[in-house]
Amino acid sequence: MSTAAEPLIFEHTSPGRYATAQAPAAQPLPEDIPAGLRREGAPLLPEVSELQVVRHYTRLSQQNFSIDTHFYPLGSCTMKYNPRACNSLAMLPEFLHRHPLALPDHSQGYLACMYELQETLKSVTGMKGVSLTPMAGAQGELAGVAMIHAYHAARGDTARTEIIVPDAAHGTNPATAIQCGMKVREIPTNAEGDVDFEALEAALGPQTAGIMLTNPSTLGVFERRIEEIAKKVHEAGGLLYYDGANLNAILGQVKPGAMGFDVIHMNLHKTFSTPHGGGGPGSGAVGVSARLEPFLPTPLVVKGGDGYRYADKDERPQSIGRLSAFMGNAGVLLRAYIYARMLGPEGMRRVGEFATLNANYLMTRLRERGFDLAFPGRRATHEFIVTLKRQKQELELTATDVAKRLLDHGFHAPTVYFPLLVPECLLIEPSETEERDVLDAFVEAMVAIWEEAKADIDKVKGAPYTMPVRRLDEVKAARELDLRWQPA
Amino acid sequence: MSNIPAELRYTKSHEWVRVDDDGTLTIGITDHAQDALGDLVYVEVPEEGASVEAGEACAVVESVKAASDVYAPVSGKVIEGNPALADAPETINDDAYGAGWMFKLRGSVDGAELMDAAAYEAFVAAEG
Numbered sequence: 180m181s182t183a184a185e186p187l188i189f190e191h192t193s194p195g196r197y198a199t200a201q202a203p204a205a206q207p208l209p210e211d212i213p214a215g216l217r218r219e220g221a222p223l224l225p226e227v228s229e230l231q232v233v234r235h236y237t238r239l240s241q242q243n244f245s246i247d248t249h250f251y252p253l254g255s256c257t258m259k260y261n262p263r264a265c266n267s268l269a270m271l272p273e274f275l276h277r278h279p280l281a282l283p284d285h286s287q288g289y290l291a292c293m294y295e296l297q298e299t300l301k302s303v304t305g306m307k308g309v310s311l312t313p314m315a316g317a318q319g320e321l322a323g324v325a326m327i328h329a330y331h332a333a334r335g336d337t338a339r340t341e342i343i344v345p346d347a348a349h350g351t352n353p354a355t356a357i358q359c360g361m362k363v364r365e366i367p368t369n370a371e372g373d374v375d376f377e378a379l380e381a382a383l384g385p386q387t388a389g390i391m392l393t394n395p396s397t398l399g400v401f402e403r404r405i406e407e408i409a410k411k412v413h414e415a416g417g418l419l420y421y422d423g424a425n426l427n428a429i430l431g432q433v434k435p436g437a438m439g440f441d442v443i444h445m446n447l448h449k450t451f452s453t454p455h456g457g458g459g460p461g462s463g464a465v466g467v468s469a470r471l472e473p474f475l476p477t478p479l480v481v482k483g484g485d486g487y488r489y490a491d492k493d494e495r496p497q498s499i500g501r502l503s504a505f506m507g508n509a510g511v512l513l514r515a516y517i518y519a520r521m522l523g524p525e526g527m528r529r530v531g532e533f534a535t536l537n538a539n540y541l542m543t544r545l546r547e548r549g550f551d552l553a554f555p556g557r558r559a560t561h562e563f564i565v566t567l568k569r570q571k572q573e574l575e576l577t578a579t580d581v582a583k584r585l586l587d588h589g590f591h592a593p594t595v596y597f598p599l600l601v602p603e604c605l606l607i608e609p610s611e612t613e614e615r616d617v618l619d620a621f622v623e624a625m626v627a628i629w630e631e632a633k634a635d636i637d638k639v640k641g642a643p644y645t646m647p648v649r650r651l652d653e654v655k656a657a658r659e660l661d662l663r664w665q666p667a
Numbered sequence: 740m741s742n743i744p745a746e747l748r749y750t751k752s753h754e755w756v757r758v759d760d761d762g763t764l765t766i767g768i769t770d771h772a773q774d775a776l777g778d779l780v781y782v783e784v785p786e787e788g789a790s791v792e793a794g795e796a797c798a799v800v801e802s803v804k805a806a807s808d809v810y811a812p813v814s815g816k817v818i819e820g821n822p823a824l825a826d827a828p829e830t831i832n833d834d835a836y837g838a839g840w841m842f843k844l845r846g847s848v849d850g851a852e853l854m855d856a857a858a859y860e861a862f863v864a865a866e867g
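As you go down the protein sequences, you meet chains A and B in turn.
Count along the first sequence from 1, add 179, and you get the number used in this note's numbering.
Count along the second sequence from 1, add 739, and you get the number used in this note's numbering.
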């Protein structure tokens, strides 16, 4: 990894310099644009040569802390290895050069992949229908709650305006409910990390549209009373939404459909191993039970006598409609499809097994070396939480300090300060694709940082030392936003 | 040990309430709350004239670690939000019970679920 500081591309500017090969051909000024709307001066762009651009961005790319270069135990993000085959097959020219408006009879190969992906996702989640169109997890959530809303509306059950959300939920859950015009009813979590069942019962009523659950939850534990919860919510007339953030823990083991969920979104970019981080592109495919099937976003891919084709709103009148211009992020869906095909049902089972095995191994090793677990009585799912509350009290050692010092040891930091319910927490998710050696090395790094803090806390608080930039002043950065190179 | 002034009343969601001589209620977040949040970088206070219900989220505090709602301890009408906080959110870190007040309400604490200083101190200790 390159650690030399790289200036901004603007700082490479030399006035008048440009890349001849990339410069647009001279064009006459468009006469039909009114004079008042025409730019008078040149835009403030960097003036650099082609080779300067290549070197600048290559150097930046060498500063990446990435899954291809480092262990990346970022809890709740499932930073697993992205198999090279998925990438190379999705880059076949027949896929890459297919025009999204190509006629279905020119797109049978691609449509067959999408149809089989829909079928695979149905099978692995136990749902009755799947739509691939949502472009990311948040849009999958939006689709899911919009379908719950449409279901109640279609029955004339308009009093159902509340979505129940446990306090451990990802922040996107309440945000989604609000975005869909619902009210949020928060319920607490008990000391062992389960939903507070009595609080749930008290919250249910004729106003309940549904509940949004992540299972395993963001606390890294399985919701043990899920069947009772599903029964209670259904009896009250509500539906159950499954946030698929943690699907990796149960892949091939338990089906959300069997737990009683009515709708699920899957982060294919996480669980199905397409590259992610840095904002996408993602895929938040949704699956539904039979009663929500008519409301799925369109288009779906269906199989008929003449092959595969799209089914759109004209033949699915109750659909909540389109969420993307075509059918989601085609490249991401293809990678997910290839990943699923490579694994097969047996491979899928091993994903869940090894994701939880790795997490439990790492958790046990850290506990043996003296670290405190947030839920010591519980088995880890695919992730678990270490709390540094004691280290903070005794040594002033915080989660941020450990996160920063880990970078010097060659490890990406776990997720810190989430979930908010646990003080000074590290949410650690090793994923199924790491070797035991790596997990052991991570444990040693954690122990070394703790020991170092006992001897010289200022050393830890000064970390990182080996990165292109040192510890950032996050408070100053947030209070004094500085978003551009020079004033226009 | 965080600072818990004896003359104030407190909520379980870590707001404090001061009842002024003219009956005005001044509300902010406690020293314990600002310490748990860390350095604040953004504060949003309710607008003058807004009606708030007891327990309703009516203000926002955001630190580099977390964003939190601030809840109205009692129902009432907002007299004023502290205008200084938008440009200087750190005022709450520096002086949670003084210059860091968040909003003033016209309302009544009668029958409200509020704790005195001793009860709040015990509550914070029990929360760990």
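Among these hints, one or two may not hold up.
Claimed, not checked - Derived pair list, reagent style EDC-like, types lysine to aspartate or glutamate, alpha-carbon separation capped at 16 angstroms:
# : chain 1 : residue 1 : chain 2 : residue 2
1 : A       : K640      : A       : E532
2 : A       : K655      : B       : E786
3 : B       : K804      : A       : E573
4 : A       : K434      : A       : E573
5 : B       : K804      : A       : E653
To be verified - Example chain B residues on the side facing chain A (calculated, C-beta under 7 angstroms, incomplete):
# : residue
6 : P744
7 : V803
8 : K804
FYI, nobody ran anything at the bench for these hints, they're computed from the structure.
Glycine included, C-beta positions come from ideal geometry on N, C-alpha and C.
How the hints compare with the structure:
{"no.": "1", "hint": "A:K640 x A:E532", "verdict": "violated, 37 angstroms"}
{"no.": "2", "hint": "A:K655 x B:E786", "verdict": "violated, 27 angstroms"}
{"no.": "3", "hint": "B:K804 x A:E573", "verdict": "violated, 21 angstroms"}
{"no.": "4", "hint": "A:K434 x A:E573", "verdict": "violated, 44 angstroms"}
{"no.": "5", "hint": "B:K804 x A:E653", "verdict": "holds, 10 angstroms"}
{"no.": "6", "hint": "P744", "verdict": "violated, 24 angstroms"}
{"no.": "7", "hint": "V803", "verdict": "holds, 4 angstroms"}
{"no.": "8", "hint": "K804", "verdict": "holds, 5 angstroms"}
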